[in-house]
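Spelled out, the chains give:
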Amino acid sequence: MSDPAPLLDVRGLTVEYSRGRRRPPLRAVDGVSFSLANQETVALVGESGSGKTTIGRAILGLAPVMAGEIRFDGEEITHARHRRRRELSADLQIVFQDPYSSLNPTRTIGQTLSEVLRARARPSRDEVQERVRAMLEHVGLPADAEQRYPGHFSGGQRQRVAIARALMKQPRLVICDEPTSALDLSVQAQVLNLLRRLQQEFELSYLFISHDLAVVRYLAHRIIVLYHGRIMEHGDAREVYTNPTHPYTLALLDAVPVPDPDLQQRRRTTRLRSALTNTPPEHPNACPFAPRCPHVINHCTTSRPSLDTTPSGTLVACHRWRELRSSNSTSQALGATN
Amino acid sequence: MSTIVGIEPVDGTPAVASTIESASLFRRLLRRPAAVVSMVWLAIVVVVAIAAPIIWPHVATQNAGDIFDVLKGPSWQHLLGTDSDGRDVLQRLLVGTRVTMLGVAEAVLVTLAIGVPAGLTAGYFGGRTDRALGWLTDLTLSLPGLAVVFVVLSIFPDSMLAGMVTLGVILSPYTTRVVRSATLPIREELYIAAAQVAGLSRSYIIVRHVLSRIVGVVIVLGAIYAATALVTQTGLAYLGLIVRLPAPSWGGMVGDGIAALTNQSWLIWPPGIAMTLTVVAFGLLGDSVRDVTAERWSVASVQRPSRRLARPVAGAVVAPPVPASATDALLRVENLTVAFGSKGSVRVIDDVSFDISAGEAVGLVGESGCGKTVTAMSLIRLLPGDGEIVGGRIVFDGRDLACLPEKELRRVRGSEIGLISQEPMVSLNPAFRVGWQLALSVRTHDGLSRRAAHARAVELLRSVHLPDPELVARRYPHELSGGMAQRVAIARALAGEPKLLIADEPTTALDVTVQAEILELLRELQRERGMAILLVTHDWGVVADLCDRAVVMYAGQVVERAALTPLFREPLHPYTRALLLSDPHNALGGDELPWIPGGVPKPGFWPQGCHFHPRCRYATEACRQRPIPLEHPADARQTRCIHHDRLHHDQLSVVQ
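Same order as they appear, the protein sequences are chains A and B.
Under my numbering, the first residue of the first sequence is numbered 1, with each subsequent residue one higher.
Under my numbering, the first residue of the second sequence is numbered 1, with each subsequent residue one higher.
Heads up, some of the hints might be wrong.
[To be verified] Now the stretches of chain A that chain B is said to cover, found in silico as 3 or more residues with beta-carbon under 8 Å:
id, region
1, 87 to 101
2, 143 to 154
3, 172 to 186
4, 189 to 203
5, 255 to 262
If you are wondering where the hints come from, they were derived from the structure by calculation, not from laboratory data.
C-beta atoms are modelled at their ideal positions from N, C-alpha and C, and glycine is treated no differently.
One chain only, chain A, in its complex shape (with noise of 0.2 Å):
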């Protein structure tokens, strides 16, 4: 699935959180491997608790990595020092979820854009001036922005400043942790298709968090499904959107209201009705979804599942994918008939 020199790769990735001294600590990444390759995005899925976050954060370093290895361009990163951080800033950026307190409200949008550069060599002020309003053309911000401080101005505009100071370095991956859902439908729309007009031009890989499938959908091609810090399914974007393997996608793609009342009416009453619980199992080896799948077996929560590859090309972490892609298959068969 990944060419021979992935641009990051990520092997057995595990984090844990220490809750003190009485609590065990909180595993929040759990053994995650994938990779990611030039001008591609792949896309990490899943709720609340399900680490797509931490995993972002720990490829930056900004997370304690308790086990596994993390490589960005052949280079093993995953315990750089602080130097070494700095250096590979250049590569590296992140766009956050939050537009307004990503940006510090007491410099000017020029400061904050500008001082990304200094990080290494000192360029010249004339050229610095010169990179900033290009890249506020760029992003499509007026260039009076410069002068401006990040309170007057709107959620929307402000994630075009976090993705212009991301770009300024013309890095070769940005983490986009869920960029847009904080922002209204038209202007997630606008900022949706800057990403993807950016990608193109500054030919940009995308590490994008989300928990939403359908922009996720719009913008990945590839995505991985996580649910407490393992994960699920792992595949082509259009597969497994449209054609979900694991339990637990099937049921986030069904939660999912579509705009469409007729359509959404049908999918309701067709739905399953999933248990409230959202504790993790007691057994240590089990499935993290036993306790929430209506599939569940005995074997389910006493072992874990391996991921496996499906025909399709993808992965996935569930012991009953091959009954279940069947009886999967033969309903969505029955739906397109009727």
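Chain A is already provided as a structure; the job is to place chain B on it using the hints.
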């Protein structure tokens, strides 16, 4: 489709903003009278501190003045009188200013020079650094401050420098603690993470990103310490510990005054007044500088929303009984207009009309800033800030809520109209158990006994399908997940058996699987209790899932009203159509998403004519000239667009 991304106009921000930015800190200080007065006073003090010892060099060594003229009150010869040794009080006051002010400066500089870097370091790096610095801070705090100063002064007798530096060190742990706790929340801001990812050095981040945010705190601290140092120094000088006599200082003069208090009470006034004025000036200037620094980057004139009830429309004190109309609507909103600002200067809701029948679910749709929430909240007259209903009627069950007396309205709120919001946690008090809070709501509505109310609370929790309601009732709000908290909020809204539930973005903060469950619950309540729902949302999927009809709002106006299927299949307003198209659900992968250029104009900046025309691809000259009325192109359909037939034509080619 074009690949050029539209440049958004910087919407609604007036040019005033840039003039505020360009003015220097000093100029902006000049606009504040308190700052001007205190700056003038402090400037005089500084000039005097520099000049006086030069003009009267002999005063510092003068042991006695006119011994026949001691302890005199103010006179033409001695404007502020003379002291017990016959020396001129005014001269001594002016000459003593230098030594006094130097002492203050020394103490403040030392405490800030130690405390600010220590506090920043502890707050930013945390962990071991924080613990080590915390230990040092505690150690310093445990020393008896004044005793240490006395010891130091016994080693360096009459040394102002030694005394004030020691005072600065003694004060520094307080600075460290305040600066540390101001740094901690800023450390967690995303822009700090962004700066780290940008590869900026730690010292740069601390100075430019953290210090710039806490500079206000530091200024206020500096002002407080200046005042503290002045008072402490006066005390030390009064004890004769830091200034070698006969050199004058304000504190020494207070000491002289107290010694001669029984003979001449005047002497303590000149230094006392000088001190008081200087202390007040430090405080006022500190506050002004802090405010002005923040004013530069914060958005001007944002009023703090305070939950104040809107007054009923002027003149309409008595609520006339509303005749039952032809329609059997449970709620009928007619030409509702809401304004904010003094004298209702800014309209946020303009001529909004819609109705909800009993047991019906109606969606109020639009982007943020379109007035959905204000409309919903004005129905029960819970408007934020100085919002006010300035026109229209809200007919609910035969009464006009817009001019119902507050006492009767309170009975409607909660028991006849329930409310749930986007943040269920905010509506629950974190200090009390869930069951207790629910029982309280039950008792205010039904007047049940404690025991019966608790039983009813548990029953309500069961009715929203919370597993083990008894256990949930014993929990505190923070022990609940987001979905559970929203169920509890719904249970509470049900306490009064409302006929209408206002649900303001009830699922926006929830995961999709939880959202599906909450929508299912709302649908069940609607079906089984015959409860009407007004659902405020920006999510077309949620509307499609729950609602029977939808009201689309844009910039304070209703732009379209229709039953759900025709609205989705064939929208008759360009805004509805564009908003539906920009939903990524409808997008085919690969194509550019259809988008609407620009953003929603803020209230007060609505364009003339149709509010949507600057962003509309159908706009013509006629759209700009006059306000567009709501038209009825079909049965049970309304649109605020004069081009709806063109839209109708377009759709035939768009819909597959």
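Going down the list of hints, with the structure as the test:
1. Counting residues of the region 87 to 101 of chain A whose beta-carbon sits less than 8 Å from any beta-carbon of chain B gives 10, enough to reach three: the coverage restraint holds.
2. Against chain B, the region 143 to 154 of chain A contributes 10 residues with a C-beta closer than 8 Å to a partner C-beta. That satisfies the three-residue criterion, and the hint holds.
3. Requiring three or more residues with a Cβ within less than 8 Å of a Cβ of chain B, the coverage given for the region 172 to 186 of chain A holds, as 3 such residues are present.
4. A count of 7 residues in the region 189 to 203 of chain A with a Cβ less than 8 Å from any Cβ of chain B is obtained; the coverage claim is therefore met, three being the minimum.
5. Figure legend: the region 255 to 262 of chain A, annotated as covered by chain B; annotation consistent (8 residues with Cβ-Cβ distances under 8 Å, at least 3 required).
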